[in-house]
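Trainee: Sequence:
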Amino acid sequence: MSQTNLNEGKIEESLNSQLARFDNLDSKIAKEFKITVLPEQQMDPYRYMDQSFKEKYEVLLERFETFAEKLKEECKIDEISDPTSLTQNEVITVGRIWCDSEGKLNPESVLLETLPYFGGNWIKLSLNELLTFSLFPGQILGVQGSNKIFNVYDMNKILEAEFIVTKIFEMPLLPMYRTPTNEIIDHNKNLNGKPLSIVIATGPYTLETGFEYEPLRELIKKMAQEKPDILILMGPFVDEDHPMIQNGEVSNTPGELFKKFITLPLAAFIKSSPKTKIIMIPSTKDICHEYLSFPQPPLDKAGLPKEVTCLCNPVQFRVNEILFAVSNVDLLFHLSRDETERVPGGTDRMSRMVHHILTQRHLYPLFPPAIGEVNMDLKHSLSLELKNTPDILILPSKLKYFAKIVDRVVCINPGYLCKSHASGTYAKMTIHPLSQKLVQGTDTENLVYQRTRVDIIKI
1 MSQTNLNEGK IEESLNSQLA RFDNLDSKIA KEFKITVLPE QQMDPYRYMD QSFKEKYEVL
61 LERFETFAEK LKEECKIDEI SDPTSLTQNE VITVGRIWCD SEGKLNPESV LLETLPYFGG
121 NWIKLSLNEL LTFSLFPGQI LGVQGSNKIF NVYDMNKILE AEFIVTKIFE MPLLPMYRTP
181 TNEIIDHNKN LNGKPLSIVI ATGPYTLETG FEYEPLRELI KKMAQEKPDI LILMGPFVDE
241 DHPMIQNGEV SNTPGELFKK FITLPLAAFI KSSPKTKIIM IPSTKDICHE YLSFPQPPLD
301 KAGLPKEVTC LCNPVQFRVN EILFAVSNVD LLFHLSRDET ERVPGGTDRM SRMVHHILTQ
361 RHLYPLFPPA IGEVNMDLKH SLSLELKNTP DILILPSKLK YFAKIVDRVV CINPGYLCKS
421 HASGTYAKMT IHPLSQKLVQ GTDTENLVYQ RTRVDIIKI
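Going left to right, the sequence shown walks through residues 1 to 459 as UniProt numbering numbers them.
Watch out, some of these pointers could steer you wrong.
[As the list claims (entries may be wrong)] Straight-line Cα separation of at most 20 angstroms, EDC-like style, residue types lysine to aspartate or glutamate; simulated pairs:
no., residue 1, residue 2
1, Lys400, Asp443
2, Lys458, Glu226
3, Lys458, Glu129
4, Lys124, Glu90
5, Lys306, Asp44
6, Lys227, Asp23
7, Lys222, Glu307
8, Lys275, Asp23
9, Lys72, Glu113
10, Lys194, Asp44
11, Lys259, Glu226
12, Lys379, Glu58
13, Lys194, Asp23
14, Lys148, Glu170
15, Lys167, Glu341
16, Lys34, Asp443
17, Lys104, Glu341
18, Lys167, Glu74
19, Lys387, Glu108
20, Lys221, Glu8
21, Lys28, Glu226
22, Lys301, Glu290
23, Lys167, Glu212
24, Lys10, Asp23
25, Lys189, Asp443
26, Lys458, Glu290
The set of hints was computed from the structure by calculation and includes no laboratory data.
Please work from the sequences and hints to get the whole structure.
Mentor: The following block contains the structure:
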């Protein structure tokens, strides 16, 4: 670890750096806060690999039809037309994006799946008239344009039907949760006017060169000093991709590894920092967890300290008034890999990916899911639907860490605590109380993006 410790504690990136950071002295002041999981978000164990083709189709169809109806209503579209019918004038339709081959989506391979009452057929989209677009497989959207060719023969060559797109309609954002004013006042009072400190770390937690979990030990040591209010730990805790596991060089069982390197250190940490609440969220790469499908039920709490809260993956929960959404699969990488775009001088790639998640109102809108990486259980995909636009969206990824504001949402990729042979990064949030001047009326906008500082820190 000596070579990787040269930049230990270095702040790699900050969001809202003008705001004060959490001070260790704040941990000595009595604070009360509440962690509440949203309804339908705490998943019970289920039988995985138990979904028929019909069941998968019905889930996809229900989301397609429901989302299309909402898009029509919220975009104020008077009539949805069949894009496969010949038209002289422009019409508007709603559909789902597919790729016409097994390769990566590109501007020449974009298909639109029509709604079932138009036959559920596919038609090629021509994007040449658009100055800008960003599309991915599984995306549900509205398009305006015309179809002037219908599989006709011209000089012994088939002219493929295509819908010439001149405008794209995307779903507006869900409303953000507004908190009853009396609750905001109570929360501020219970925090004694002090900020909340939340630390977020994502596995792997041990280097590929060994199985000693040095970066996790360093993190826990630092947390014992800082004593944050909440420590969010996301898997993998025992990573299926670790070379020593892949090569069969580990004699301990996954359960024994989890107990030795996760459970016991956390129990010791809780004794030194009893006020810190710990949230644990699994990964689909966790071999210490029975469920490798997605969504995942919580980790088994047996053996873990009672102070630990185990949540499912993905999950939406509140800390006081603040709404969190967390998806612990590499959705950012999967989306950015499968996206096709024309964005001259436009937004950066990660902001586009986050915007897609928010406007699709879904914590894994890509379909088909990443082959070999996400085993999607569609029967239990209700937990992927966003209930509101979250205040804070946490999306761990192998892509470069970041903290940014997108559509008034604080979006965080904390990075991985370990990257191959080197230690990585974690995120530290300082969320200040809402100013009393802004608390008015019967309910109040949370404005979390204005009062939250995020630091990405080298371990």
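Trainee: Checked against the structure, which of the hints given earlier come out wrong?
Mentor: 1, 3, 10, 11, 14, 19, 23 and 26
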